[in-house]
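A.B. asks: Chains A and B supply the protein sequences, listed in that same order. Heads up: the first sequence begins at 1 in the working numbering, then just goes up one per residue. Heads up: the second sequence begins at 1 in the working numbering, then just goes up one per residue.
Read the hints as simulated data drawn from the structure, not as lab findings. The reader is advised that the hints may include incorrect statements.
A few chain A residues facing chain B, derived, Cβ under 8 Å [claimed, not checked]:
| # | residue |
| --- | --- |
| 1 | L91 |
| 2 | Q94 |
| 3 | T134 |
| 4 | G140 |
| 5 | F141 |
| 6 | P144 |
| 7 | T148 |
| 8 | S238 |
| 9 | R267 |
| 10 | L274 |
Derived lysine-lysine pairs resembling DSS-like cross-links, with alpha carbons at most 25 Å apart [as the list claims (entries may be wrong)]:
| # | chain 1 | residue 1 | chain 2 | residue 2 |
| --- | --- | --- | --- | --- |
| 11 | B | K250 | A | K68 |
| 12 | B | K155 | B | K216 |
| 13 | B | K165 | B | K206 |
| 14 | A | K53 | B | K541 |
| 15 | A | K53 | B | K216 |
| 16 | A | K184 | B | K338 |
| 17 | B | K580 | B | K423 |
| 18 | B | K186 | B | K216 |
| 19 | B | K250 | A | K53 |
| 20 | A | K93 | B | K250 |
If you're wondering where the values come from, they're calculated on a predicted model, not measured in any experiment. Using N, Cα and C, we set each Cβ at its ideal position, and we do this for glycine too.
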Amino acid sequence: MSQYVLRRLLIAIPTLLVISLVIYAILALAPGDPLAEFAANPAVPPYVRENIKHALGLDQVWYVRYFKWLTAFFQGEWGYSFASKSPVIDLIKQRLPQTLWVVGVAYLFSILIAVPIGILSAVKQYSLFDQIATTIAFIGFSVPTFFTGLLFILLFSIRLRWLPFIYDSNLVVHDLNTFIQQIKQMAMPVAVLTLFQSASVARFMRSSMLDNLPLDYVRTARAKGLHERMVIMRHVLSNSLIPVVTLIALGIPTVFAGAIITEQIFRVNGLGELLVRSIRSSDTPVVMILTFIFAILVVLFNLLADILYGVLDPRIRYS
Amino acid sequence: MRLASTSRRRVAAFGLLFVLVVPLMAACGGPSTPAAQTTAEPVAQTTAAPSGGGTQATPATAEQATTAPAEQPTQASAEQPTAAPSSGGGQKGGTLKMLYWQAPTGLNGHQGNGTKDLEASGVILEPLASWTPEGVPVARLAAEIPTVENGGVSKDLMTTTWKLKPGIKWSDGSDFSADDVVFTWKYCSDPATACVSLTNFEPIDKAEAVDKNTVKITWKQPNPNFYISFVGYSGYILQQKQFADCVGAKAATCPANNSPIGTGPYKLKDFKPGDSVTYEKNPLYRDADKVGFDTVEIKGGGDAASAAQAVFETGDVDYAWNLQVQKAVLEQIMQGGKANLDAPPGPSVERIEINFANPDPALGDKRAEPDQPHPILSDIRVRQALSLAIDRKTLAEQLYGPLGDPTCNILTAPPDIVSHNTKCDQDIEKAKQLLDEAGWKMNDATGVREKDGKPLVLSYQSSINALRQNEQALVKQDWAKIGVTANLRAIDGGVFFSSDAGNPDTYGHFFADVEMYTSSPSGPDPTTYYDGWTCAQMSQKSNNWNFNNNNRYCNKDYDALVDQLHKEVDPAKRKELFIKLNDKIVGDVVNIPLVARKTTPNGVSKDLQGPKNNPWDSSLWNIAEWHK
């Protein structure tokens, strides 16, 4: 097993290098100008823009810039954003709390809600509960987050005035009052995301349970006289959770990528919003670091998911 | 036994998953307190520390500082966490909440990345003088505005002397002096600094500190536009001590860029680039007791329409900047009634620029080069017809509503230099007549005019923007009425407005017959604006399409008028020339002005007093006077 892990980690390194090269090439060769904002400013004629470009090192060929970036990266210098002239690592540190508070909690909630729903739907297959749960799951999955988001804002913020719709990232939680504030401003984005994400987990849980319920060992357990609840919760669930757990592990990197649309609508200003804005303004240093981090997370969590699978399922053995 | 051991393994596996996930959430996302504190404290410390020690004026600052910091922390912590703003109105203090849907990403106006950064830095930094909405300078750090009458400007226009207000202090306690002004000039005129406001400092030959409170500027040539430097948002004064190591190539990565020390009514408390800026009252500001709020927050992100909702409908914010929203949506939101739209007329004109060079792709390298005249648009009658066919009134009313008025002029502000000599009512019959005269005969079968077998088809490009696409559709309809076919093209804004020499879709390359966008003069004096249509400024391959004259318009009479403008010193005669130049451009149909866009439409809460939107300066130019 340890040999397997080591081998996977060693293969990950050239994989990540190739990923970084491809991303850099795409960003460099794609049209777009980090200084396009200045077109609207008559006081900044094009030759001043050229000057700024030269100062940012953008007038060199892309592969030269890539090697410079790579060497700087390994020396621990992760670059400065073109837009805000601040170190990229500071930007990420500032935004990570927002993303994890909102998107991370939404992910947690969606798992906590989806797993019981999936179990019940499978155990009481085709019952009223199952029909309703399935319908809601399909609606939640099909309706895009920007629609549900805007709907929630219209209803809860503008009509009912119950919840704020501008996320205050400077809110410091130090007493009950501020904690309630934090919950209030998180409520809508978390609800939107949970509605969207729990659908797929619930369906997956349900089908995994349905795969296991007709198996022989379940019949044996019932024949032994075990309580139905013991049969489901101790035996069937444990086996059904194996693929779901790996699915959840694979989904964790998406938490860090943030929920781009939801972050935009509610002004949560986390990593997703940073990524999208940087791509649109061709802010290469930020995009490189963010996508590279996501690539590392995906590779690592893939490995984790595979290990978990092997640990949980004794039938799987890695050489 | 076997059952127990496998179940234990499962428990262990779950434990593993929990152990990974929960601390991940808790450590980074859990209590936002440590994260917030670590970002807030260092910023507070860097500004507090210099005032505590190191500067010569320690006894004085200690005396001044003892009263202020004692009040500051308690007030700040009391105001901060409450989401309900202190709208129990009328008194001083409280928090001003502003929403800039394009979030500020930088706080050094000279390294900014757009208007939003210029505005955010203007809360902290100050220029020597600001422009009022009427286009007249008003003194900020200066004691008075230099003019020829009061001797501040020499009669030969070669020098300008600014007298500074005495006793001004930076927010860290050190003294503001003429050295800081001279330093700002040095900082910005170094090309390696890549200062955004470079053109505002270029005419200066040297700036010197005659004494602690006097700066003498010597120009390279007699300069009738002597307010071009140090006035408005291109003239923020930087503290020499803070930025001394940031000149030249080091400017881009300087940490001071995002925590500038200023002389303004507020100083920086916390900055999250692209997300929010928090300012607190500057106790060392020269009129600190008149400042209306204890803290100011600028929140960014999202879109303009929801920003409008926040100020008009829910009152969650007091001020929302630049509400570029479609008229139908905006008017509905404005019915929320909690705010007013502050959108005065301004100098920005949405116009269709005419290409005087031939953008035919068959020309290869010579495409849109100045020596390839346009086969259709070189004829003034065709250009006039195109202008006469457009129904500007409907376009402005339907698409811009409160955000724009139809216009015939390329120069629309300040009011005393707006020409009344131009007319542009829609006249379809006259347009048809002109085209007939020009030899373009209507082909009744196709509905398109033809000459020598070639149809009158024009390529019409603009940036991707719902409003612009609607404008293009309306213009296309109007032109179809006179037998002109327009092929519309929309290019991503980031590409269209880029200065990328390799990309054929930029507005500089102008590989189309006509293109539409907005431009404006950079200040109340439009000299550089008019320079942008001279022969010397023609954009072409040899200069990487980096110059301002995208039209490739070259007219000796026009150039002569511009030369005259550069030499004219009498203000009244200059105003006449401004009008004459506008009439020449419009008369020659170098471009087709469509809509005079109102200055960035800001939503201002009815409780908020003081904001006066300003076409020539930052919207926050007088934030020191704002109060509830």
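A.B. asks: Work down the list of hints and note, for each, if the structure agrees.
C.D. replies: Now the hints, each set against the structure:
no.	hint	result
1	L91	holds (6 Å)
2	Q94	holds (5 Å)
3	T134	violated (27 Å)
4	G140	violated (22 Å)
5	F141	violated (23 Å)
6	P144	violated (16 Å)
7	T148	violated (15 Å)
8	S238	holds (5 Å)
9	R267	holds (4 Å)
10	L274	holds (6 Å)
11	B/K250 / A/K68	holds (17 Å)
12	B/K155 / B/K216	holds (14 Å)
13	B/K165 / B/K206	holds (21 Å)
14	A/K53 / B/K541	holds (19 Å)
15	A/K53 / B/K216	violated (32 Å)
16	A/K184 / B/K338	holds (23 Å)
17	B/K580 / B/K423	holds (15 Å)
18	B/K186 / B/K216	holds (14 Å)
19	B/K250 / A/K53	holds (14 Å)
20	A/K93 / B/K250	holds (24 Å)
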